[in-house]
Amino acid sequence: MKIHEYQAKEIFSRYSIPVTREELCFTVEEVSSATQKLGLPVVVKAQVLAGGRGKAGGVKLAKSLDEATTAATAILGMDIKGYTVEKVLVAEGVRFNNEVYVGLTIDRKSKSVIFMASREGGVEIEEVAKENPDAILKFPIDPDLGMTPFLARKIAFSLFTEFSLVKQAADMFQKLYRIFMDTDASLVEINPLVITDEGNLLALDGKMNFDDNALFRQSAIEAIMEPDEDEKVELDAKSKGLTFIRLDGSIGCMVNGAGLAMATMDMIKLYGGEPANFLDIGGSSSPKKVIDAMNLILSDPKVKVVMINIFGGITRCDDVARGLVAALEQIKVEIPIVIRLAGTNSKEGLEILKQAQLPVVETMTQAAQKAITLCETISHL
Amino acid sequence: MKIHEYQAKEIFSRYSIPVTREELCFTVEEVSSATQKLGLPVVVKAQVLAGGRGKAGGVKLAKSLDEATTAATAILGMDIKGYTVEKVLVAEGVRFNNEVYVGLTIDRKSKSVIFMASREGGVEIEEVAKENPDAILKFPIDPDLGMTPFLARKIAFSLFTEFSLVKQAADMFQKLYRIFMDTDASLVEINPLVITDEGNLLALDGKMNFDDNALFRQSAIEAIMEPDEDEKVELDAKSKGLTFIRLDGSIGCMVNGAGLAMATMDMIKLYGGEPANFLDIGGSSSPKKVIDAMNLILSDPKVKVVMINIFGGITRCDDVARGLVAALEQIKVEIPIVIRLAGTNSKEGLEILKQAQLPVVETMTQAAQKAITLCETISHL
Amino acid sequence: MSILVNKNTKLIVQGITGRDGSFHASKMKAYGTNVVGGVSPGKGGQEVDGIPVFNTVSDAVKATGADTSIIFVPAPLAADAILEASEAGVSLVISISEGVPTLDMIKVTPYLKKNGTKLIGSNCPGLITPGEALVGILPGNIFLKGGVGLMSRSGTLTYEMVHQLTTNGLGQSTCVGIGGDPVAGLYFQELLQMFQDDPETEAIVLIGEIGGDAEEQAAQYIKENVTKPVVAFIAGQSAPEGKRMGHAGAIISSGTGTAEEKIAAFEAVGVPVARRPEEIPALLIKMLKK
Amino acid sequence: MSILVNKNTKLIVQGITGRDGSFHASKMKAYGTNVVGGVSPGKGGQEVDGIPVFNTVSDAVKATGADTSIIFVPAPLAADAILEASEAGVSLVISISEGVPTLDMIKVTPYLKKNGTKLIGSNCPGLITPGEALVGILPGNIFLKGGVGLMSRSGTLTYEMVHQLTTNGLGQSTCVGIGGDPVAGLYFQELLQMFQDDPETEAIVLIGEIGGDAEEQAAQYIKENVTKPVVAFIAGQSAPEGKRMGHAGAIISSGTGTAEEKIAAFEAVGVPVARRPEEIPALLIKMLKK
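Chains as they are written, first to last, in this note's numbering: chain A, 321 to 701; chain B, 321 to 701; chain C, 15 to 304; chain D, 15 to 304.
Only chain A is shown next, with the shape it has when bound in the complex (with noise of 0.2 Å):
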C-alpha cells in the first residue's frame, strides 16, 4: 500500500526531518494562494500513487504567479498511468547544489532491512539500478541492533565529506529507520535528498509504501491511505476471502490458491490468450465464495470466457463440484464457462458437474486452450 509525497513528508515532518515548506491545494485558487504564502519559486507537484509523474508532466517549476496557476491547471485533472490528478503539492522552490538518493526497503537475502544510498538522486533509482548498480551501496541493518550512529555515520560518510552534513545525515538516516519500523514500511525514500545553499539536508520530496499484512496495528497509516479504484475493488475482495487483481485481458480466472492462478494465466499466455484478472479463492468450496468471485469476475465488461481452475485437496473435488453447482444456479452467468477439476475425489467431482451441464475439462492444457478457443469465437461474432 502507498501513500502520497505530501502524507510521506508529513510523517517525516513529525520525526524532525527537514523538508520544503508546502501545501497541498485541489483547485488553481488554492494554487495561487498558496504560492503567494510560500514566495516565488515553487513548485507544483501532482499527487497521485503512481511513478514517472515528472516525466508525464506532472511536476513543474513556476517562477512567476502565472506559472503557478498556468501549471497547476495543466496538472489539475491531468491522466498519470490511469489515475487522475484530483490535488496537487505546491512546495517552494529551493537552490541546492547536490542532489542524493537515500531509501530503506526489505531485502529478502540479508532477511533485514535494508539502507540503500546512492551519489546519484534526483532520477528514478531503477534506472541507477538496472545502469551502474555499484552507484547504490546497500547497508543491511542487524534487526537486532537496529541503526546504530556508527552505521548511520558510516551510511553518510559515503555520501558526504563535510562533517557538519554528515551530522544531519546520520541523524536523519536514524530517524527514517524508525519510521520504517514504527509504520511497518516496506518502502521509506526520500529522492533527491538535497545539500541546500544554506549547507543543509532537505528532503525534496518523499516516498512511503507499507506492509499490508501490518495494517491491523498500523490504524494511523491507515486511516491516511486513499486506495485508488483498483485497490478499492481488491481491498473490497480481501473483505470476502479473495485476492483480486485486474488485468487487461479478456479471460476471467478463478483459481484455489496464488501459485497455481499464476500458473493457470501463464497457460492461457502460453496458448495466445490474455488474462483479465489474477484470482484466488483460497481453499473452501463455499458456494457464498465462488458467488462473490464470478460476481467479482463479471464486472468486468472486458471479460468474455471464465475459466474456473479448482485442485481438490484438503476440500475434496466433489464438495467443489457441489459448491459450484450451487453456486451457478444462484448466479445468472451469461457467457461462457470452462471449469477444471482435479485432484481429491476429481471422479465424482466431474460427475456432478457434467449432471449439472457444466463444461468440464481434466487438464489445465484443454481448459486453457478450450477458453482462448471460446474467446476467439466470441470476439468474431
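One or more of the hints may lead you astray.
[Said to hold, decoys possible] Ranges of calculated distance between the beta carbons of each label pair, as one might list FRET restraints: (1) B/S539 <-> A/G377: 48 to 54 Å; (2) A/K429 <-> D/G79: 38 to 44 Å; (3) C/D63 <-> A/S559: 31 to 37 Å; (4) D/N20 <-> B/S619: 47 to 53 Å.
[To be verified] DSSO-like mimics (lysine-lysine), calculated; alpha carbons at most 30 Å apart, straight line: (5) B/K667 <-> D/K159; (6) B/K487 <-> C/K128; (7) B/K495 <-> A/K495; (8) B/K560 <-> B/K429; (9) C/K242 <-> B/K458; (10) A/K458 <-> C/K128; (11) C/K76 <-> B/K458.
These are computed hints drawn from the structure, not numbers from a lab. Ideal placement from N, C-alpha and C gives every residue a C-beta, glycine not left out.
Take the given structure of chain A and dock chains B, C and D to it, following the hints.
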C-alpha cells in the same frame, strides 16, 4: 540509587500496572484526612530509603481513624536504620488471598536482565534466597528479544494456575520489563503482588533502584531522587571527581583506584583497625583533588588518623608528592597523617615528602600498622 | 531417510484448539504423523482428538520430547509462537500462519539462527514425507512414496505438480512448501543441500515464482553443489510488472525477479524448466534416464 | 606467545583525538605497541603523534588491517563504539571508558558473541604483554617480561601486585585488567583457559573483588581445567554489606559475593589466597617450586 515506594508505584501506575489507592502524607492531619478519603481499613507505611521497615515497626494496619492517627504519630519521626521518617504512605487496606514476589534485576552471569518470581511473596526475598533458593525461579531475558509475550506467559504460568490471572500477570510482566528498560533500572520489584478477593492482581508494594551510570539520560528519574545525607556527600564527592563512601571507623583513607582503596581498607582491618571511609581519588595528581579529598575526610569527626596510599603508575610519584605537598600547605590538618607512596619514581617522590617533613612509609602493611598505632595512641590520650 | 520429517518426528501443534489447528491436527494424526501434543495457553490439561494440550511449548516439550512444531495461530501472534518453539528447544518449526508482518519475521530470524532452529514458512503449506509424516495442510492422499524431492514457493500449485508426479508413478521422498513471503525460513539453497545429501532422493523438482532472486541463487547453488537431476517450473510468467500476485508475495520490480530471468538462470546451468506443469514428469524421466 | 596481544597486534585507537585517547595513544606507541591508526568522526585525514586518523573504524581497518581496537570515547558513546569495532571486523576490543550504562553493555553482548569479537571491559585499565604490546592505560614501566599471567578486576591494585611481582623478579607473560562493571567482556574463566593454553605462562595470579560470583566460578573452572599454579587475592574483605565500593561496581547483597565466600571457594580447590598484596610473590614462588 533508590526511590521511595510511592514513587515506584507512581511509575507503575503510569504504565497501567494496578497499585493500591494511596496518598502520601507528611503530617498526622494529612494521614487523618487521607484515611477518611480512602476508607477503612488503611495501611500506614513509612517512606524511607532503607529495607526492613516492616520489622522496624514502620508499617501498621489501621482499622479505625484513631488507629490510623496513632500509627502515623508513631511512625512519623521514627528512626529506621539511621533514616528519619519524614513521610508516610496511607494506602487502602485490601483483602487478598495470595502473595507472590516478582522482580527484575541485572544478572552478571547471563549478562542480561533477569526476571525473578516466587510463590513465597510478602517476605524479604533475600531470606527466601538463603533458606529456599529453589523457591525463586529465574528467567533470563534475551536482550535481543526483550520480554516476549510467550516468556511473560511462561513466567505467569509458573506463579498462577487460573488463566485470567495468568493473562493479567503476563501483561504486567511485559510492562515491568518496559519500565526496567525505559528507566535504566537496576531493580524493579513488586513484593507482595497479591490476588484480591475480586480476582485481580494488585501491587501492594513497589521498589526500584537505578543504574547511576545511566542517570545522564534519565532526567525524570534524577528529578525525583531524594539522596539521603550519606548519598548527598557521595554525590558531592562525585562532582569533584572523587568516589566516597562513609563508614564507621576512625582511620580516614585516601587512595587512588577503587581496588587499591578496598585493599587498603582490608589491610587496616587485618591489623585491627577500622576504616572511616572508602575514598578513591582517581588517577591525577592535582592538589585541588587532594584538598577536596582531605576536606571530605576531615568533615567526619570520628576520623583520628588519615592514611594516604598512592600507587604511582602513569602519574609519577614525584608529581603526586608535589601535589600532596602543595595541598597540605594549603589545608590545615590537625590530626596525624601517614603517607605510603609506591610505583613509578617512588624514590624521588618519597624524597620530596620527607623534605616537606611529611611522615612516609614504603609498604601498605607499614602504613596500616602505623595508622592503627597512631589511632590507638590518640584514643588513649 | 527423506529430509526434515520422518516416522520418528515428534510433532506438537501450536494453536491446536483453534479451528484450523484442531482440524489439521486430526488430519495429520490420521495420516500417521506422530502428533505428541498441542499447545494452547489456558487450555492445558484438555485433549484434542486424543492429543494432550499444554499451556506452553516448554511444558509440551518437557512432557513429550517433541522436536518439531507446527504453528496455526493468528498472524499477529505467529512470530511470538515461533520464538516460543525455538526457546523451548524445538529444532524444526513449520509456520502455516498467513499474513505475518514482514518486520516480525525479520525480528525472529537472528534468534532462530542463534538457537539453531530451522523454520519453514510462514505462510506455507508445510511438508510431507509420504508414508511417514505429514506436517502441514497438504492433502496427504495425493502423495506417493518415492525418490523425487520437491520444493515449492506455492501451495495448490505444489499439489498440482505432485498430482502429475503421482499419476505418472513418480513417488516423492519429501515435498516441502517453503511459502512465498518476502522473508521466510528455509529456502531453496538449504533444501537443495538436504536433498543432495539424502540417499533416498534421486531427483529434485523446484517450483519457483516471480519476485526476489531465490531461484537465481538456487541455480548458482545447483551448478556448484548438486549432482542429482533437477527440473524446475516458474509460476508468474504472465504477471505484469509492479503487481503483487496475491498471498504469494511475488513482486516484480525494476527488472529483477522476472520469470524470464529465472528460467534463463536455470537453463544456463542445465536445469530444464517446464513451461506447463504437465511437462514435469516427462522432463524428470528424461533426466533420470541420463 | 603470551595471550591476546603481542608484537603482531595491529591496534587502532577509537577516540584518538580526545584528551585521554591522544595521551594514551602516544604512551602506547612509545611503549612499542604497533598503533596503526586512530578513529575520530570528522577528523579523518589528520594525524595524532604520527598516527593516521580515520572517520570510521571500517575505514581504519580497511586501510591498516587492524585487528585490535582500544576505546577512549565518553561513556554514553562507548557501546556504539564497541559495536562499530565489532562490525568492522576487529577481533579484540578493549573498552577503557568508565561509567557505561549497564543496559548498553547488555545490548552489546550478543552482537559481539555473534561476530566472534572478544571484549575486555568497559571500565578497565586494559592489558599488556610486557616487551611486546601495551594496550591500555597501564604504566608500562612497572612490568617485566616473564612467566606470570595476571588477571584482575581492579586497576591500581593490579599495579600494586605487578610492582610486587616485578620487584621480586617475577616477570609477566600478559596482565589483563578485566574491569569491575557488573556486565563486562572477557572474564576469569575465558582468561584462565587462555593462560592455561599459553606455553609462555607458568603460573597465574587472579585478583578478585567482592560482588558477583565470578571468583567462585573461576575456582570451579580451575579445579576442572587448570593445571598451572594459581594464586589469588580478593579485595573488599572489609567492605560492609549493601555498600557499593566505587567504580569497581562491587556490591555485596544477600550473602552472595562476599570476600569470605570467594576465599573459601579458592582454598577449597587448592588455590592459595593472599591476605596482603605483599604475600603474592612468596606464594607464587612456593607454588612454582612444587
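Structure-based check of all given hints:
Evaluation of the 48 to 54 Å hint for B/S539 and A/G377 yields a pass: the beta carbon distance comes to about 53 Å. Between A/K429 and D/G79 the beta carbon distance is about 28 Å. The supplied range of 38 to 44 Å is therefore violated. Restraint check, C/D63 to A/S559: a C-beta distance of roughly 32 Å satisfies the suggested window 31 to 37 Å. Separated by about 49 Å at the C-beta atoms, D/N20 and B/S619 satisfy the suggested range of 47 to 53 Å.
Restraint check: the Cα-Cα separation between B/K667 and D/K159 comes to about 23 Å, which is no more than 30 Å; the hinted pair holds. As the CA atoms of B/K487 and C/K128 are separated by approximately 29 Å, the hinted pair is consistent with the 30 Å bound. Simply put, B/K495 and A/K495 have alpha-carbon atoms about 25 Å apart, close enough for the 30 Å limit, and the pair holds. Restraint check for B/K560 and B/K429: not satisfied, since their Cα atoms lie roughly 33 Å apart, outside the 30 Å limit.
Of the pairs offered as hints, the one joining C/K242 and B/K458 is violated, with about 50 Å between alpha carbons and a cut-off of 30 Å exceeded. Annotation: proposed proximity of A/K458 to C/K128 holds, straight-line Cα distance about 24 Å (limit 30 Å). Of the pairs offered as hints, the one joining C/K76 and B/K458 holds, with about 18 Å between alpha carbons and a cut-off of 30 Å not exceeded.
Figure legend: structure checked against the earlier numbered hints; hints not met, in rising order: 2, 8, 9.
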